[in-house]
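> Listed here are the chains, written in short residue letters.
2 protein chains.
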Amino acid sequence: MVGGGQLARMTHEAGIPLGIRFKLLSDTPQDSAAQAVQNVVVGDYRDLDTLLAFAEGCDVITFDHEHVPTEHLHALRAEGHAIRPGPEALVYAQDKGLMRARLTELGVACPRHRLVTGPADVSRFAAEGGAASGSGYPVVLKTVRGGYDGKGVWVVRSEAEAAGPFRAGVPVLAEEMVPFTRELAANVVRSPHGQAVAYPVVESVQVDGVCDTVIAPAPGLPEERATQAQELALTVAAELGVVGHLAVELFETPDGRVLVNELAMRPHNSGHWTQDGAVTSQFANHLRAVLDLPLGDPRPRAPWTVMANVLGGDYPDMYQGYLHCMARDPQLKIHMYGKDVKPGRKVGHVNVYGDDLAEVRARARHAADYLRGTITE
Amino acid sequence: MVGGGQLARMTHEAGIPLGIRFKLLSDTPQDSAAQAVQNVVVGDYRDLDTLLAFAEGCDVITFDHEHVPTEHLHALRAEGHAIRPGPEALVYAQDKGLMRARLTELGVACPRHRLVTGPADVSRFAAEGGAASGSGYPVVLKTVRGGYDGKGVWVVRSEAEAAGPFRAGVPVLAEEMVPFTRELAANVVRSPHGQAVAYPVVESVQVDGVCDTVIAPAPGLPEERATQAQELALTVAAELGVVGHLAVELFETPDGRVLVNELAMRPHNSGHWTQDGAVTSQFANHLRAVLDLPLGDPRPRAPWTVMANVLGGDYPDMYQGYLHCMARDPQLKIHMYGKDVKPGRKVGHVNVYGDDLAEVRARARHAADYLRGTITE
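From first to last, the protein sequence lines stand for chains A and L.
Position 327 (the first sequence) corresponds to 327 in the UniProt record's numbering; numbering is contiguous.
Position 230 (the second sequence) corresponds to 230 in the UniProt record's numbering; numbering is contiguous.
One thing to keep in mind: the hints can contain errors.
For identical chains, the list gives no copy identity; a pair is met inside one copy or between any two copies.
In silico DSBU-like links for lysine-lysine, alpha-carbon gap of 35 Å or less [unchecked claim]:
#1 K23 with K342
#2 K151 with K339
#3 K339 with K23
#4 K23 with K346
Read the hints as simulated data drawn from the structure, not as lab findings.
What you are looking at is a predicted structure, and each value in this text was computed from that prediction instead of being measured.
Please take these sequences and the hints and turn them into a complete structure.
Dropping the structure here:
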């Protein structure tokens, strides 16, 4: 697996029972996954020679993030390496411009969008929206490559504000600001031989552009709309030739439609609940898919599972918080990543499952807040 | 953790979510756990200097097996290291003679037993049983130290047969051959501050002295007898000062009593079902105990969970068997240890859970047999 973040750490964890000999390419020996994996190569994933040397002896290469240059993926494949997901699929998770074009071609509903060349062009894009009143602002601007967790994304309210995103000199995509009621995620896993499974559609609650809470399944989602979202994700996986886990982040609109926000072709924060709440976790199924093994049952093990991210706060060491949280809730599932605590950084998550959503959600919220230090009792 | 076997491998797996920086002392770099753990020291656990060097920087030392010499455990403690379980408890899992004496002192029911000096003494022990007919043979002989999985245990039917076990020149314990109806295991976890939890009592089916299948909970066990077995295990844990997981292997007799067979103070084969069948696995709770963290809920997540060991058979590589087993049963949980396959060697296990015991048991049996190669469809 290329990339030493928490997704690789948790994929390794899921691979231990399968007897997988997991090999990691990590930026540093201190990265989250590098602390837990036996076979670690420290190197730069942007360097083709490093990638080629790393790939020697691997049966299959998969990824913790989308940042490996697409041309390197093609070069690895040309050398005979199995790359899953392959570059022709992964490029749609790497490049938001290509993703929007391809999804639109497939008839998949997306926010109105186009590549923009500068602030004046953003104003033209805003006006094209045919807004009943005003300028058509606010507009969402995104760098087409490299963003994550709200980085590389701006909500701009005027042409003056629109100048910022262009300063880096990288291509910028403009999107309408969708008046959504909430965010959903439809997660599916697809294998090279075409088997696919769909997890229950979840609600993803974002705070400041960062995923805060995931509720599985999405409360009050009509079954028909849930099925529609799962079918959408399965279609995208099949049409794009995805192998492994595909997360389709969705906006649910007041008139009951779902629009695609983002794609991720790897285990995803919206699927962390599956570790304790589903028969087969997203990490185990991602591994099974990239190894072309039959996929595991994606169904839930409890009526409700809630995942709450633990963000860095005032405590440099969160271990002391385990005492209170574990004593208070013996069913609580803590997942920490071994990362240095920095304010606002995702350093772990908790999962809670049970029969009563309000209670399950309150328990997850309490643990995440206590570990962060937002509350002290 | 001292010892690189599958118990250490699965304990590491359980420690990843807790952000534990797991360090391993392994006999070789190829051992089961050494393949999966980042921080591996290769060395001999029988060498005190190796142990002392290994212990540097560890917050607490725990064990994958019982074979570290008791005097070394005391020496480690004298140097200020936290040893959990401590030597004063662990010695009762190391030395079956001391274990029998101490349990008898505590009033815990055991098979009739005493240390024996030679074949003639075994015959005297047999006759002391007051057998209504015959010589009192068969008798069970055990080396007081070093046995496991049927090794170091003999069932002898005559004085001539009794000679063998004495040839190694180590102390031998004689025990009556208990006419048990089945074997049970009562597993508990205890922390330094005295918190303890009890898992459901399970039935353990042995074949040729090796654990074959574990059924959780033990079918048809009257609640009163289950509670009695749990209380027995909690008493033993408290009186012996055990820290961590304690497995109490029990004989259930035709007249409804339970007698202690063996003790193990570490995660145990009879607790592997907890990985997929309980809220908190034995591995997670062993870690929480030795770290003096509050313990997790030991309750089951399904009405029935069955664990079946996968033994080495004809296939040097069992990976191909995954295809059939995973396709046939998408809820199957495979746990392989990365060990070289040798006939009869424990190389993995499977867990299956569900509502119908006969069906759950058949699914586990099928998968274990298929992976071994006993069946081919």
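> Checking each numbered hint in turn, tell me which of them this model violates, lowest number first.
none
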